[in-house]
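J.: The listed protein sequences derive, respectively, from chains V and B.
Here the first sequence is numbered in our numbering, starting from 3 and rising by one per residue.
Here the second sequence is numbered in our numbering, starting from 397 and rising by one per residue.
If you're looking for bench data, these hints aren't it; they were derived computationally from the structure.
Mixed in with the good hints there might be a few duds.
The following residues of chain V were derived to be distant from chain B, with all beta-carbon distances above 10 angstroms [claimed, not checked]: (1) P11; (2) G63; (3) R151; (4) R200.
So the derived label-pair ranges between C-beta atoms look like this [unchecked claim]: (5) B:D626 <-> V:Q75: 43 to 51 angstroms; (6) V:W161 <-> B:D558: 32 to 40 angstroms; (7) B:P564 <-> V:V27: 29 to 37 angstroms; (8) B:R551 <-> V:H196: 50 to 58 angstroms; (9) V:R70 <-> B:A615: 50 to 58 angstroms.
For the chain B half of the interface with chain V, some residues (derived, Cβ under 8 angstroms), not all of them [to be verified]: (10) I444; (11) E532; (12) A589; (13) D596; (14) H627; (15) V628.
Idealized CB from N, CA, C, for every residue including glycine.
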Amino acid sequence: MSEPAAPVPVLHIEALPRSNEPVHVAVRRMRWFRQALRRYLDRLEGELGCRFEIDDGKVAGIFVRWLRAVEAQKPLDPMARRSFFEFAAGLMLREMTGDMPLRATGPATAADPHGAAAFWPEGYACTMFCIAVTSAAMAQEFDAAPALRPSIRDLRIWWSFRENAAEDPRVSIAFLDLILGRDPDWAMPEVFSHRMARELAAAARAAEIRS
Amino acid sequence: MTILPPFPPDPMPLREALRGLRHVMRRGGESLRDTVPVGSLPEPAQAIAGAVLREVGQIARSVDLVASGLAKRVLGGTAPAAPPLGDGAGGEAAFAAAAYAALRAALRRIGAAETFISEVAARSAYRALGSAGGREAARLGADLTLCLIAARVVREADAAPDARLPGPAIAPVAVFAVVLWMLADRAEHDGEAALDAAIDLSIAIAADIRAAAQAGDAARLTALFAEFADHV
Numbered sequence: 003m004s005e006p007a008a009p010v011p012v013l014h015i016e017a018l019p020r021s022n023e024p025v026h027v028a029v030r031r032m033r034w035f036r037q038a039l040r041r042y043l044d045r046l047e048g049e050l051g052c053r054f055e056i057d058d059g060k061v062a063g064i065f066v067r068w069l070r071a072v073e074a075q076k077p078l079d080p081m082a083r084r085s086f087f088e089f090a091a092g093l094m095l096r097e098m099t100g101d102m103p104l105r106a107t108g109p110a111t112a113a114d115p116h117g118a119a120a121f122w123p124e125g126y127a128c129t130m131f132c133i134a135v136t137s138a139a140m141a142q143e144f145d146a147a148p149a150l151r152p153s154i155r156d157l158r159i160w161w162s163f164r165e166n167a168a169e170d171p172r173v174s175i176a177f178l179d180l181i182l183g184r185d186p187d188w189a190m191p192e193v194f195s196h197r198m199a200r201e202l203a204a205a206a207r208a209a210e211i212r213s
Numbered sequence: 397m398t399i400l401p402p403f404p405p406d407p408m409p410l411r412e413a414l415r416g417l418r419h420v421m422r423r424g425g426e427s428l429r430d431t432v433p434v435g436s437l438p439e440p441a442q443a444i445a446g447a448v449l450r451e452v453g454q455i456a457r458s459v460d461l462v463a464s465g466l467a468k469r470v471l472g473g474t475a476p477a478a479p480p481l482g483d484g485a486g487g488e489a490a491f492a493a494a495a496y497a498a499l500r501a502a503l504r505r506i507g508a509a510e511t512f513i514s515e516v517a518a519r520s521a522y523r524a525l526g527s528a529g530g531r532e533a534a535r536l537g538a539d540l541t542l543c544l545i546a547a548r549v550v551r552e553a554d555a556a557p558d559a560r561l562p563g564p565a566i567a568p569v570a571v572f573a574v575v576l577w578m579l580a581d582r583a584e585h586d587g588e589a590a591l592d593a594a595i596d597l598s599i600a601i602a603a604d605i606r607a608a609a610q611a612g613d614a615a616r617l618t619a620l621f622a623e624f625a626d627h628v
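The task is simple: from the sequences and hints, build the whole structure.
T.: Given below as structure tokens:
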């Protein structure tokens with residue numbers, strides 16, 4: 003008999019701090035970013051049964067590199083905005099897995115023992131944080147957010163994610179797409195123009211099939 | 397009949413003198429303990445040296461307590477509250493007091509809490525900056541940073557072994573962080589979190605700040621303030 007599938011995780015968007023500014027603006031302020039990460043982890047700690055230590059210096063470095071990467075690739079075309087929101091979440095995850103700012107002080111005793119959180123608490127927490135922030139921002143801007151797909155429960159994906167991200171953090175962007183049920187760009191995951199070109203090509207193919 | 401002086405006395409130099417005294421006593425006690433290898437001396441020299449050091453330590457602590465108490469009384473509260481930049485007459489003292497308090501917080505967070513900060517030099521730097529004169533905020537911040545560094549508001553940095561920056565980077569980064577915080581958009585209740593964020597951001601770009609400050613490159617500093625002022 004096969005083991006029961008792990009439940010799809012809850013995003014806990016409500017754990018993010020409130021702000022007078024839209025989330026996509028607030029997240030580009032260091033103090034909101036830091037507060038959001040702390041509050042999000044507080045929520046996850048209760049759910050997973052482990053504590054996380056945060057390295058504030060690493061968080062600052064991650065924030066600066068992420069900000070610069072976002073500014074460097076921000077598209078001028080307003081039609082590309084939605085795709086860029088999703089891409090920006092991947093950039094954030096790349097910076098986090100490249101210089102992990104969290105340390106779980108013990109095993110995630112309350113988490114599903116066969117799930118991603120028990121296998122890699124730090125990577126799971128960073129991934130869920132990035133998804134939560136982008137979901138909150140996209141809900142405000144586009145009235146739609148990326149849905150968590152059943153693939154997020156697939157431990158084989160997380161095994162591969164952890165192993166490959168340790169060698170090349172850029173692949174975190176592609177793994178985030180995979181986890182969210184999107185077609186990942188394994189060749190140049192960190193280049194937004196490449197992502198857009200692939201999306202346009204896919205849209206053209208779909209149009210061709212329809213006609 | 398009491399004769400009042402025509403101008404009220406300026407308390408800032410007195411505060412500075414008391415802080416200087418406190419700083420010297422604290423450092424003096426520590427360096428003496430670090431330099432005199434009491435444990436390695438033979439008896440009876442060890443007992444004599446130990447007694448002398450204890451005596452010196454007690455004197456240092458008494459002077460430190462008196463100086464600290466007086467300095468606090470003269471200074472009043474030291475919670476950082478940023479004044480508007482480029483606010484001419486009357487702004488000097490407010491700026492110097494805010495810069496002092498914020499620099500203390502910055503140096504503590506960097507791991508160089510015992511570094512001496514000159515409030516008088518901060519006031520001189522603010523005077524040297526002149527009026528805002530239509531300068532953009534980022535440019536004003538860059539000019540102020542260079543003025544503060546030139547005035548040696550942060551004296552030779554006294555870094556703890558686990559400080560987050562190497563010694564020569566401490567003064568320019570601390571000064572940049574405080575100016576960044578002053579330029580940042582924030583609510584009043586958010587001041588402390590904003591200062592911590594400005595400090596951590598500045599530490600993350602310490603190499604850029606140090607290179608620009610060393611070269612006296614106002615344009616590069618302006619670009620850094622323009623890049624980060626909205627992201628504190």
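J.: For every hint, state whether the structure bears it out.
T.: Taking the hints in turn, this is what the structure says about them:
1. For V:P11, the non-interface assignment is confirmed: its Cβ lies about 29 angstroms from the closest Cβ of chain B, beyond the 10 angstroms cut-off.
2. Against chain B, the non-interface label of V:G63 is violated: not every CB pair exceeds 10 angstroms, the least being about 5 angstroms.
3. No beta-carbon of chain B comes within 10 angstroms of the beta-carbon of V:R151; the shortest separation is about 32 angstroms.
4. Interface exclusion of V:R200 from chain B stands, the closest Cβ pair being 30 angstroms apart, more than 10 angstroms.
5. Between B:D626 and V:Q75 the CB atoms are about 18 angstroms apart, so this pair departs from the stated range of 43 to 51 angstroms.
6. At about 36 angstroms, the CB distance of V:W161 to B:D558 agrees with the hint of 32 to 40 angstroms.
7. Distance hint check: the CB atoms of B:P564 and V:V27 are about 36 angstroms apart, consistent with the given range 29 to 37 angstroms.
8. The hinted window of 50 to 58 angstroms between B:R551 and V:H196 holds, with their beta carbons roughly 51 angstroms apart.
9. Distance hint for V:R70 and B:A615: a CB-CB separation of about 19 angstroms, inconsistent with the stated range 50 to 58 angstroms.
10. Annotation: B:I444 was flagged as interfacial toward chain V, and the flag is violated, the nearest CB pair being 46 angstroms apart, outside 8 angstroms.
11. Look at B:E532: its Cβ only gets to about 19 angstroms from chain V, farther than 8 angstroms, so that hint breaks.
12. Evaluation of the B:A589 hint against chain V yields a held restraint, the C-beta minimum of about 5 angstroms falling below 8 angstroms.
13. Annotation: B:D596 was flagged as interfacial toward chain V, and the flag holds, the nearest CB pair being 4 angstroms apart, inside 8 angstroms.
14. Hint on B:H627 holds. Least Cβ distance to chain V is approximately 6 angstroms, under the 8 angstroms limit.
15. Contact between B:V628 and chain V, as hinted, is supported at the beta carbon level, the nearest pair being about 6 angstroms apart and thus within 8 angstroms.
The structure shown violates the earlier hints numbered 2, 5, 9, 10, 11.
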